[in-house]
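Engineer: Chains as they are written, first to last, in the UniProt record's numbering: chain A, 1 to 139; chain B, 1 to 332.
Treat each hint with caution, since some may be false.
[To be verified] Straight line, CA to CA, 30 Å or less: simulated BS3-like cross-link-like pairs of lysine-lysine: (1) B:K77 <-> A:K125; (2) B:K105 <-> B:K77; (3) B:K77 <-> A:K127; (4) B:K329 <-> B:K285; (5) B:K119 <-> A:K125; (6) B:K329 <-> B:K293; (7) A:K125 <-> B:K105; (8) B:K105 <-> A:K127; (9) B:K105 <-> B:K119; (10) B:K119 <-> B:K77.
[To be verified] Over 10 Å on every C-beta distance to chain B, these chain A residues come out as not near it, computed from the model: (11) L3; (12) S5; (13) I11; (14) Y21; (15) S22; (16) A23; (17) H24; (18) L48; (19) V58; (20) V61; (21) L65; (22) V66; (23) I75; (24) W77; (25) N108.
[As the list claims (entries may be wrong)] Covered stretches of chain A, as calculated for chain B (at least 3 residues, CB under 8 Å): (26) 109 to 116; (27) 126 to 135.
It should be emphasised that the hints constitute simulated quantities derived from the structure, not laboratory data. Small disclaimer: the values here were computed from a predicted structure and weren't measured. Ideal Cβ placement from N, Cα and C applies to all residues, glycine included.
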Amino acid sequence: MALLSKALNAIGLLLLAHAVYSAHEHSALHAGAPSTSQAPSTTAALPLDITLETLTSVFLVCAGLVLGSPALRPIQWSEWAGEVEQEEGRQRQGRGKAGMKEGEGVGNPFRMLEERPGFVDVRAKRKEFADWVREGGSR
Amino acid sequence: MAAELINPPPSVPPALALRMSQQAPRILQQSSGPSLPYLLSLLTASDAPETWIGYENLLLSCLRTGDDRSARMCLEKLTQRFGESNERVMALRGMYDEAVAEDYKALEAVFRGYEEILKQDPTNMPIRKRRVALLKAMNRPIDATTALVGLLDSSPTDAEAWAELADLYLTQNLYSQAIFSLEEVLLITPNAWNIHARMGEILYLSSLATNSNNDGNLMQGLCESMRRFCRSIELCDNYLRGYYGLKLTTSRLLSLPSKTSKPAPAATDPQFGDLAPPSLATIEKLHELATAKLAEIVRRNAAGESGWDGYEQAEVIAARELLDRDAQKVKR
Chain A
1 MALLSKALNA
11 IGLLLLAHAV
21 YSAHEHSALH
31 AGAPSTSQAP
41 STTAALPLDI
51 TLETLTSVFL
61 VCAGLVLGSP
71 ALRPIQWSEW
81 AGEVEQEEGR
91 QRQGRGKAGM
101 KEGEGVGNPF
111 RMLEERPGFV
121 DVRAKRKEFA
131 DWVREGGSR
Chain B
1 MAAELINPPP
11 SVPPALALRM
21 SQQAPRILQQ
31 SSGPSLPYLL
41 SLLTASDAPE
51 TWIGYENLLL
61 SCLRTGDDRS
71 ARMCLEKLTQ
81 RFGESNERVM
91 ALRGMYDEAV
101 AEDYKALEAV
111 FRGYEEILKQ
121 DPTNMPIRKR
131 RVALLKAMNR
141 PIDATTALVG
151 LLDSSPTDAE
161 AWAELADLYL
171 TQNLYSQAIF
181 SLEEVLLITP
191 NAWNIHARMG
201 EILYLSSLAT
211 NSNNDGNLMQ
221 GLCESMRRFC
231 RSIELCDNYL
241 RGYYGLKLTT
251 SRLLSLPSKT
261 SKPAPAATDP
271 QFGDLAPPSL
281 ATIEKLHELA
291 TAKLAEIVRR
301 NAAGESGWDG
311 YEQAEVIAAR
321 ELLDRDAQKV
331 KR
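Kindly produce the complete structure, drawing on both the sequences and the hints.
Structural biologist: Okay, structure coming up:
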């Protein structure tokens, strides 16, 4: 998907640049030419192929951007909360998503109400860990 | 720095803590290169907030696993960057001192240090919190409660402190005070589904512990607990903890003998101004729902379906046991 969106974006931008250049050349050509004809507005009108090229390129870029955007996150609170809980559980079992990006996976904002990092009892945690080691460090 | 250090999962299991602290020597060595002068260093990636959060978490996991040398180095790095008088660094240093204190006397010395700091600056919140935690660790829950109430007097919107107060009261078996504190937490964070579930659990425990001979009060308490669990389920899809509590409370409510003698449910109970207990049909429906959902969670988790594999194994086993117990009762 990423490759497809990148390719679409590249082609679209290339076409867009070409269309813009063509339009510029077209107008430059007509501005420089002596106004022999009676109706300058018709000669200055953009040829159909440039218009079409512009529209196609814009469409391609749009499609590429939409395809390349990350997956949408749920907008319903309960759905989001359920996902957060699942993701946390997976992390705790040591198989969470690897390489989480910045701003992504902010985690459960209410977990800290049960963990309470400001009040953590270091000595109890140390003891718990020592017991775990003594038991053979399984699980 | 690894992702798990910057954004560690909640309630880190010992194995993961060990793995995290084992990264310490490598990380500490990596970053000991020459540093740029102040302000210029802000431009480089090595001064990103993630780096320092990583150091903090590394410090915590090193303290936990007993790697005091690496912990010391992390602390020194943080002190170098943020200065001696940074409140958060002060609290971390206090935590380090607590962890390496060898006996009660050393802990007392740390405690006196906190008092000294607070005498100079009573608004130092991290240190005030450490003081409460230390009192709790020194097995003086009543002093800890007093200190925490004082802290909340000056900062009543601190949800973390309210939650800690609820826990402190609970360890002293003061259920109604614990419930009050949790209500305060919910006033500050009304959408915290885990606090709703916690509230349901405490209400369930307290109504069983205090009203075992009074069916009316027991019913009131269980209904309240059931409502809390319902709210937690509403706020979080497929919440195993909520469904477990819902099944527990509803089956308990269904087994109450006096349920038939209840008057017709009114919108509110005139005597207490509380909500009237729900009708029997509603409770039965909720019980069915909880059973079905728990069965679904257990089944799909066992099948390892994606999106259902994030449950704690111990919790799933407990849910299965609850279902089995219920099934046996039906057979009999």
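Engineer: Compare the structure with each hint and give your call.
Structural biologist: Consistency of the hints with the structure:
1. Of the pairs offered as hints, the one joining K77 of chain B and K125 of chain A holds, with about 23 Å between alpha carbons and a cut-off of 30 Å not exceeded.
2. A distance of roughly 28 Å separates the Cα atoms of K105 of chain B and K77 of chain B; the hinted pair therefore holds under the 30 Å criterion.
3. With a CA separation close to 26 Å, the supplied pair K77 of chain B and K127 of chain A stays within the 30 Å bound.
4. Using a Cα cut-off of 30 Å, the hinted pair K329 of chain B and K285 of chain B holds, with the two alpha carbons roughly 18 Å apart.
5. Between the alpha carbons of K119 of chain B and K125 of chain A the distance comes to roughly 29 Å, so the proposed pair stays at or under 30 Å and holds.
6. In summary, the hint linking K329 of chain B to K293 of chain B is supported, as the alpha carbons are separated by about 19 Å, within the 30 Å threshold.
7. Between the alpha carbons of K125 of chain A and K105 of chain B the distance comes to roughly 20 Å, so the proposed pair stays at or under 30 Å and holds.
8. Taking the CA atoms of K105 of chain B and K127 of chain A, the gap is about 18 Å. The hint holds against a cut of 30 Å.
9. Distance restraint check for K105 of chain B and K119 of chain B: the Cα-Cα separation of roughly 21 Å lies within the 30 Å cut-off, and the hinted pair is therefore satisfied.
10. For the suggested pair K119 of chain B and K77 of chain B, the alpha carbons sit about 27 Å apart, so the restraint of at most 30 Å is met.
11. With a least CB separation of 24 Å from chain B, L3 of chain A remains clear of the 10 Å interface cut-off, as annotated.
12. Residue placement check: S5 of chain A keeps its beta carbon more than 10 Å from all beta carbons of chain B (closest about 24 Å).
13. Non-interface status of I11 of chain A relative to chain B is upheld: no Cβ of that chain comes within 10 Å, the nearest being about 34 Å off.
14. For Y21 of chain A, the requirement that its beta carbon stay farther than 10 Å from each beta carbon of chain B is met, with the minimum near 38 Å.
15. No beta-carbon of chain B is positioned within 10 Å of the beta-carbon of S22 of chain A; the least distance is around 42 Å.
16. For A23 of chain A, the condition that its CB be more than 10 Å from all CB atoms of chain B holds, with the nearest at approximately 41 Å.
17. Remark: the non-interface label on H24 of chain A is consistent with the geometry, its nearest Cβ contact in chain B lying 39 Å away (cut-off 10 Å).
18. Every CB of chain B lies more than 10 Å from the CB of L48 of chain A, the least distance being 50 Å, so the non-interface label holds.
19. Non-interface status of V58 of chain A relative to chain B is upheld: no Cβ of that chain comes within 10 Å, the nearest being about 36 Å off.
20. Consistency note on V61 of chain A: stated as away from chain B, and its beta-carbon is indeed over 10 Å from all of that chain's, at 31 Å minimum.
21. Here L65 of chain A stays apart from chain B, with its beta-carbon at least about 27 Å from theirs, past the 10 Å limit.
22. Here V66 of chain A stays apart from chain B, with its beta-carbon at least about 24 Å from theirs, past the 10 Å limit.
23. Annotated as non-interface, I75 of chain A keeps its C-beta farther than 10 Å from every C-beta of chain B; the closest such distance is 13 Å.
24. With a least beta-carbon separation of about 6 Å from chain B, W77 of chain A fails to lie farther than 10 Å from that chain, contradicting its non-interface assignment.
25. The beta carbon of N108 of chain A is not kept farther than 10 Å from every beta carbon of chain B, the shortest such distance being approximately 7 Å.
26. As drawn, the region 109 to 116 of chain A meets chain B at 7 residues by the rule of a beta-carbon pair under 8 Å; at three or more, the given contact holds.
27. Judged by the Cβ-Cβ criterion of 8 Å, the region 126 to 135 of chain A is covered by chain B as claimed, because 6 of its residues qualify and three suffice.
Checked against the numbered hints above, the structure breaks hints 24 and 25 and satisfies the rest.
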